[in-house]
Amino acid sequence: MAYIPHTDEERQQMLEAVGVEQIDELYEAVPPEFRFPDLDLPDPLSEMEVMDELTALSEANLEVKHVSSFLGAGAYNHFIPSVVDHILRRNEFYTAYTPYQPEISQGTLQAIFEYQSLMCELTGMEVSNASHYDGATALAEAVILALNQHRGKRSKVVLSPAIHPQYRQVVQTYTQGMGLTLTGDEDCDNGAQELMALLDEDTTLVAVQYPDFLGNIEDFTALGEAAHAVDALLCVVVNPLALGMLKPPAEFGADVVVGEGQPLGIPVSYGGPYVGIFTTREKYVRKMAGRLVGETVDVDGKRGYVLTLTPREQHIRREKATSNICTNQGLMALAAAVYLAMMGKHGLRKVAELCYHKAHYAAKRIDALEGYSVWNKKAFFNEFAVKCPRPVAEINAGLLDIDILGGYDLSEDYGQLQDHMLVAVTEMLSKEEIDDFVDALEELSHD
Amino acid sequence: MTEPLIYELSSPGRVAVTLPEPDVPLSDMPAGMVREQLPLPELAEVDVVRHFVRLSQLNYGVDIGLYPLGSCTMKYNPKLNEDAARLTGFAFSHPLQDPETAQGNLALMFALQEWLKEIGGFAGVTLQPAAGAHGELTGILIVRAYHQDRGDTKRTKILIPDSAHGTNPASTTMSGMEVIEVPSDERGNIDLNALKGHCDDCVAGLMLTNPNTLGLFEEHVQEVVELIHGCGGLVYGDGANMNALLGIVRPGDLGIDVLHYNLHKTFSTPHGGGGPGSGPVGVAEHLVDFLPGPVVDIVEEGDDEQPPLYGLVKPAKSIGRVKAFHGHFGILVRAYAYMRMQGKSGLREVSDYAVLNANYLRVKLRETYKVPFDRICMHEFVAEGHWGDAPDIHALDISKRLIDYGFHPPTNYFPLIVPEALMIEPTETESQRTLDAFVAAMLDIARESHEDPELLHDAPHDAPVGRLDEVRAARQLVLCCKPVNIE
Amino acid sequence: MEIPKDLKYTESDEWVRVEGNIATTGLTDYAQDQLSDIVYVEATADVGDELEKGEAHSAVESVKAAADVYMPVGGTITEINEALADTPELVNSDPYGEAWLVKFEIGDQGELETLMDAGAYEKHIEERES
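Taken in order, these protein sequences are the chains called A, B and C.
The C-terminal position of the first sequence is numbered 447 in my numbering, with every residue numbered one higher than the one before it.
The C-terminal position of the second sequence is numbered 1487 in my numbering, with every residue numbered one higher than the one before it.
The C-terminal position of the third sequence is numbered 2130 in my numbering, with every residue numbered one higher than the one before it.
Quick caveat, the hints were computed from the structure, so don't treat them as lab data.
Each hint should be verified, as a subset may be incorrect.
[What the hints assert, rightly or not] Estimated spans, in silico, between C-beta atoms of each pair: (1) A:K283 with B:K1482: 15 to 23 Å; (2) B:M1029 with A:P389: 28 to 36 Å; (3) A:E53 with B:A1194: 49 to 57 Å; (4) A:E49 with B:A1194: 50 to 58 Å.
Beta carbons are placed, not taken as given, at the ideal position from N, Cα and C, and that holds for glycine.
Looking at chain A on its own, in the form it has when it is part of the complex:
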């Protein structure tokens, strides 16, 4: 009886109080022919046995701590200060529910308020919600915000092909019943100019990524102006860590800035849980889905925080709600807030610059190798695509033999980029590791 405190005697007393002889009698409303199925499940284990089994399972995985990882593509291995996990392990944070009772939830509420503030500063936007599930779902919710802003009267969404392929797939899934046209990403060469040509009076939103999936950084001011000229919204998907050094998208005229918060103090954790950043302009705040914390005062005039604008949400608006979302990624938003508080304005800038310089060093060296060339023609941040002399899978297999986790194989997502590897470099890689990687690529250029 793991985690159940009842003694036999207590159970007996409780059954008597309820007026039944045994627990089975409590289920008489359940159809008898289906009651108490004999489930094919394993028997219970002790805590030490469970931990042994889980340790064995975990050790059956490769992980980025014990190899040199050049794999990114939306999940990045960055330094995480010890403080972050010590705070996440505060049970007052992780064993609390959504802060419906603000008087005993000020810790969660103020932490989220600070998270919202930090996201606004990073992106340059005016309001942030308390977070979405991840970057992909945040993008899908940005599309829904735009549709609601146009009251369903527009039905075209322009997506850059350089948005993370999985994010675009999620938008497709979310909107499949809405009768929309998703366009723009048919050709992987479509840049801001080509996307601009697709904008018209039926366009509700144009979305781009910054730095984009292939690493490029580009100024989207002209695209923003073109979008606004037809009264469409500009959404920018960001890597928040890159904003430690890059111009915030608000300066491009972005209306919505979303992104994956994982680089801010969250381990790669096989894909989740992460945290979806969602920020926008104040005029769209009521169209924004998700929880929102606002400042107010208590009966004595003392500063405090509450969930606000809740009538937008599903529990009141039901079928007319902005979204069905009830949760946020509270604990992961806390991780991002603690991370940013730890890094501060100098630390985040420095991490971003370390990533930038190391990536450029790696790119220069790889580009000089025979058979390899860097695909990116524009400025890039810490990721770049490399044209390889052999299929990426073969090279990666060779790299793995010497404990290097190679980059992401672009051939499945981008038809034109056969034999192209997306290489990510973070502050976690030393010059020596980068040199070893480059040397290994050279060795692997032939069979």
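Keeping the supplied structure of chain A fixed, place chains B and C upon it in accordance with the hints.
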């Protein structure tokens, strides 16, 4: 004492983290793309730690005491789960590494899929959805895709009982389908006659929460399922209340076609102050091909010497991804640890004691608090927080006063069909002693309500802050702090 | 509870003032009291939109509730009270005056016959309360 905001603690030049100097030659910064200002706070490590520890102390959590928040299943979160999710091989494996190098993760996910299938009576499970509401959207999109695939495109109506959680209609709207509300009868079940009136060839499906939000097992569940299937629709089960059904009945056996689980309710993963959760979806055989992809499957059978090889497989008619990568993997690890601890017999006991605890509270409170649908309940029940002879006292006042007694309040004002609702779900992890202390507090509060109503109106008295001005928060929106001490 | 005699009413708690072919409409005193402190008013229709009787033209929110406001009769929106976006509390303080929500050109005068007068509306509220 009010805790300052992180920006208010900032001092120019203070640093918490030291980082190595660049060991590579520096490159030129990208022209015109570098930001001028980065208005983040500047603190020392000790400032950061004390700030967030002090904030944590303003919170109430399950580790502090009873959290009988109806429909939220706030059970104790085992510490083992936390350690397991942080094992290096789990926390630091990359979602896009070759599946052959992530066999531990995939084996764990496969086992979890299998167990959830067995518990729910389903043929397939996806672990991708990030939360219950996300699972709902997934399930409803699967229902839609099923009809579309059969060319049955006029089916656009989703029937939803009036007692349902607000996510049900909101998820339906997101899927592009239409919500039709069905009333409840006087015993808290779906009104069968009203339901019959809606059953036609435009029905895509029905969303059913069972046990329902009154904590009652739907007495006509088989008739309801037959009616919907009879008109060609599918039945969606909202699994928010699965904590009452483990080893008791399998929703799939009752004819439910698709159902979401809440790992953060039933399977003990922490709520994290609002997330991350996890909302896997189980489906019957005819819907397996529509699951979001990829799912984990065995791609090469094992033998006595070799374990099977697991891979990621996209179902044939998949509705597509609902999330990047593989779902909330860290939460899946926690749920796995819990289910492995409990095993078959333990999971049955979870439901047994959850139901016993709820009924114990119901009988102990019903003399004092009206229980409008007073029959044997499942894992929760709904009482009214209002008396005719204490007209100024509302459910909210009772809840706020409970805070002074050291308990988290129950869910207020839900379900909407009970006036002044107090929805109480103790969960199985609470002892008789804890429940008795809660009952004593509730009886004291009932007495205070009649003798000294002001005591309740001013409550809580012993919380970090008093009642907060929500009207001001909504009218004068302050949603982020303007940084101070920033050059 | 104020129920002016010179206005017409709907069962969903809207009032209408008819001046020639133009009607002005808003939420009744009873409705604002039920909703409590209004924190937000939004027009969900645009000037020029032709709406049928019962279609929503605005949404109002209090801290705990939200409500749509419907066309009392069909017509074409001619004016929206933009001031309410910044001063939603007017719906509480002056529901029949400054807090009018929209003006519209009446589509079919005959539909006005379906509305209640002050007496009938008062009775309607009493029935609901009991």
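Hint numbers not upheld by this structure, sorted from lowest to highest: Nothing - there is no hint that the structure violates, so all of them hold.
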